[in-house]
Amino acid sequence: MSSNTKSTWDWEIVPQTTWLGTSVSELWSYRHLVVGLVRRDFLLSYQQTVLGPLWMLFQPILTLITYVLVFGKLVGISTQGIPPTLFYLTGIVLWNLFNDTFLANSSTFRDNAHIFSKVYFPRLVVPLAQLSNQLIRFSIQFFLLLLIMAYYVIFTPWPAPSLLKLAAVPIIIVLIASMSLGLGMTVSVLTGKYRDLSYIISLGIRLLMFLTPVVYPINYVDEKWRWIVQLNPLTPLFELFRLLMLGQGLVTPGQVAYSLVFVGVVLVMGLLTFNKQGDKLIDVI
Amino acid sequence: MSDTVIKVEGLSKVYRLGTTGTGSLRQDLQHWWTTSVLKKEDPFFHVPTGEAKSSDGKNQLLRALHDVNFEVKQGEVWGIIGNNGSGKSTLLKIISRIVRPTRGTVRGKGSISSLLEVGTGFNPELTGRENIYLSGFILGMNKHEIRLKFDEIVAFSGLERFLDTPVKRYSSGMYVRLAFAVAAHLEPDILILDEVLAVGDAEFQKKCLGKIREVSQGDGRTVMFVSHNMQAVAKLCQHALWLQHGVVKEQGEVSQIVNHFLLTTQQNKTQQVWDAPDEAPGNEFVRFKSVELVPHLLTDNQALDIRVPLTVRFQMWNLTDNALLSVNMFLYTSNGDCILTVPSTAAVYDKGVIAGECTIPGNLLNDGSYFISYYVMKDTVPLHDFESCLSFDLEDYRGGESGWSGKWWGAVRPLIPFHLALKEPVLQ
Numbered sequence: 001m002s003s004n005t006k007s008t009w010d011w012e013i014v015p016q017t018t019w020l021g022t023s024v025s026e027l028w029s030y031r032h033l034v035v036g037l038v039r040r041d042f043l044l045s046y047q048q049t050v051l052g053p054l055w056m057l058f059q060p061i062l063t064l065i066t067y068v069l070v071f072g073k074l075v076g077i078s079t080q081g082i083p084p085t086l087f088y089l090t091g092i093v094l095w096n097l098f099n100d101t102f103l104a105n106s107s108t109f110r111d112n113a114h115i116f117s118k119v120y121f122p123r124l125v126v127p128l129a130q131l132s133n134q135l136i137r138f139s140i141q142f143f144l145l146l147l148i149m150a151y152y153v154i155f156t157p158w159p160a161p162s163l164l165k166l167a168a169v170p171i172i173i174v175l176i177a178s179m180s181l182g183l184g185m186t187v188s189v190l191t192g193k194y195r196d197l198s199y200i201i202s203l204g205i206r207l208l209m210f211l212t213p214v215v216y217p218i219n220y221v222d223e224k225w226r227w228i229v230q231l232n233p234l235t236p237l238f239e240l241f242r243l244l245m246l247g248q249g250l251v252t253p254g255q256v257a258y259s260l261v262f263v264g265v266v267l268v269m270g271l272l273t274f275n276k277q278g279d280k281l282i283d284v285i
Numbered sequence: 001m002s003d004t005v006i007k008v009e010g011l012s013k014v015y016r017l018g019t020t021g022t023g024s025l026r027q028d029l030q031h032w033w034t035t036s037v038l039k040k041e042d043p044f045f046h047v048p049t050g051e052a053k054s055s056d057g058k059n060q061l062l063r064a065l066h067d068v069n070f071e072v073k074q075g076e077v078w079g080i081i082g083n084n085g086s087g088k089s090t091l092l093k094i095i096s097r098i099v100r101p102t103r104g105t106v107r108g109k110g111s112i113s114s115l116l117e118v119g120t121g122f123n124p125e126l127t128g129r130e131n132i133y134l135s136g137f138i139l140g141m142n143k144h145e146i147r148l149k150f151d152e153i154v155a156f157s158g159l160e161r162f163l164d165t166p167v168k169r170y171s172s173g174m175y176v177r178l179a180f181a182v183a184a185h186l187e188p189d190i191l192i193l194d195e196v197l198a199v200g201d202a203e204f205q206k207k208c209l210g211k212i213r214e215v216s217q218g219d220g221r222t223v224m225f226v227s228h229n230m231q232a233v234a235k236l237c238q239h240a241l242w243l244q245h246g247v248v249k250e251q252g253e254v255s256q257i258v259n260h261f262l263l264t265t266q267q268n269k270t271q272q273v274w275d276a277p278d279e280a281p282g283n284e285f286v287r288f289k290s291v292e293l294v295p296h297l298l299t300d301n302q303a304l305d306i307r308v309p310l311t312v313r314f315q316m317w318n319l320t321d322n323a324l325l326s327v328n329m330f331l332y333t334s335n336g337d338c339i340l341t342v343p344s345t346a347a348v349y350d351k352g353v354i355a356g357e358c359t360i361p362g363n364l365l366n367d368g369s370y371f372i373s374y375y376v377m378k379d380t381v382p383l384h385d386f387e388s389c390l391s392f393d394l395e396d397y398r399g400g401e402s403g404w405s406g407k408w409w410g411a412v413r414p415l416i417p418f419h420l421a422l423k424e425p426v427l428q
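Heads up: the protein sequence lines correspond to chains E and H, in order. For the first sequence, the numbering used here begins at 1 and goes up steadily by one. For the second sequence, the numbering used here begins at 1 and goes up steadily by one.
Read the hints as simulated data drawn from the structure, not as lab findings. One should not assume that every hint holds.
Below, a list of computed lysine-lysine pairs in the DSBU-like style, where the Cα atoms sit at most 35 Å apart [unchecked claim]:
#1 H:K168 x H:K73
#2 E:K280 x H:K109
#3 E:K118 x H:K73
#4 H:K149 x H:K168
#5 H:K143 x E:K280
#6 H:K269 x E:K118
#7 H:K149 x H:K109
Everything numeric in this text was worked out from a predicted model, so none of it was measured.
Start from the sequences, fold in the hints, and give me the full structure.
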């Protein structure tokens, strides 16, 4: 919506959809809705469950146990001196952030079609609420990671990470969150139009996990095939995350720059497709 | 007070049918392959029903709205009427910013809230209290506003005891009451309503209408309102917009528009004439020549409503001499219940045309659909039964202010005076 300064009208509805979709001030006036939606999703996930919000911790712990047993013991992937618990948990926590934010956003139009077709609010509110929701979950899981790290620092000779390095971690979190948000918003337009695409998406994201150094370090991969994993823009970020948290990771500034550019492109693309195509999508869903 | 708050100019909406929105990627790819690469007919191309028109033989277009223009001034209550599929809901959706128009603009002043459905954003798993907040947010209220009105909303819904129960355990009536309670406490400058009154029981509908009247009259807010309940439209609105196949058929003062609309929707069979006895219904003794229903309308534009006296006439050929004939007229409701019988006196007639008529007085029947049958008797033996030869719809009319605008019960509705008086005043 654009307001025409020449006339005395407050608002104007025109056929053209805009790339930005909404103004910042309008978005701000809907901040309560973002909070409301986050609250709703939080309440809904743990309605009529035994453990309630504790699942946020149980899920990564159970995954961790599985990974330690399967990849650590059975397959025997070397974690290169890092305690397997710490190694896998850093991967799991960061992967959960990417995976959950992406999947939650990728079905925005499909899941909210009934609301979108009945009431207006800036559509961007929904992805923002999803992102906030996932960031809260991530913070809790990240806190678990810090606790376990503290245990290793105190009770084993494992060296404490430098605070300067830890201070750089939020940058990686912002980059991962932005990438999953951008990709998720782009895909949400596609799944809104083509429902069968969501099957491919969930399969694709599972495959992507194995192309990301979540359960293995990058230098475990044979040099001949390493470029495939390094083509994945998530790889430098995961390696950098481990480098900052655990002191080990194989990453070059060039690779990080590649990821940065990718995040920028994907985020802009996501915002633009979401706003421009999302308006048209209401006619179809 | 007479500021224009909504100005709609040249508004059109075209929906594309058939080619897009097949819903699956495989189908769209197949469509692209066959039409663009193989240059063949589209496998998913089916001619849709409705007001579709083909622009260039490639795309089927549904013209939901075409060149709609109108202006709404502040404090006015507009009713939007029209048959199903006439574009009413599309118009409201465009003004509510849910869908984009294909051409034209809508400009306006002030905040706008739309209520296209009762309970948008309600989540069955959450409690009543949480849903009040959530749906309030979705409808555009902020936390402060909701907190201020919370008690009022709860009191309006009458669900104090169930506030902390998940909404999924509510009865459907409770659900609707809570949802409407939230919506009723919105305070936009412009309120948009679509068929909200179609849900809920009579009591609830009354409450809704009262609230709408309060909103529009008390606070000078502007309301646009789609309904199929012509009584509600006539009562609440000053202005009406009549849409037909996406085009504005008429707009202006409400009673006139509602009357014109009702006149076109009435599917009355008010006359049947046969030229020759051979084709006419009947038997070797009698055959009907004509049947006719003549309403005594007060003005040309009056709709056929419950006040109108109706004269029912018939003519029949009597094919035998010296026949003792009598004719009964039966009036049925559309359900087949007989409302009344009008018997004629029996008399002896020779060959020729027999004519008869009787008049059903106005202010006797309730609103609804009726049909008339004739029953011819000869020597007290049934001779011919001419079933449902005439049919008509009577529209509702409310003159006196009774406050009630739901469906009036009962088969008949004569004007029976009813006096109430205070007999034993309590002495102070």
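A quick look at each hint next to the structure:
Of the pairs offered as hints, the one joining K168 (chain H) and K73 (chain H) is violated, with about 41 Å between alpha carbons and a cut-off of 35 Å exceeded. For the hint pairing K280 (chain E) with K109 (chain H), the CA-to-CA distance comes to about 25 Å; that is within 35 Å, so the pair holds. This hinted pair checks out: K118 (chain E) and K73 (chain H) have alpha carbons roughly 25 Å apart, not beyond 35 Å. Of the pairs offered as hints, the one joining K149 (chain H) and K168 (chain H) holds, with about 24 Å between alpha carbons and a cut-off of 35 Å not exceeded.
Proximity of K143 (chain H) to K280 (chain E) is assessed by CA-CA distance (about 31 Å); at most 35 Å being required, the pair is judged to hold. At roughly 40 Å between alpha-carbon atoms, K269 (chain H) and K118 (chain E) are farther apart than 35 Å, so this suggested pair is violated. Among the hinted pairs, K149 (chain H) with K109 (chain H) is consistent with the structure: their alpha-carbon atoms are about 25 Å apart, no more than 35 Å.
In terms of the numbered hints stated before, the structure departs from hints 1, 6, listed from lowest to highest.
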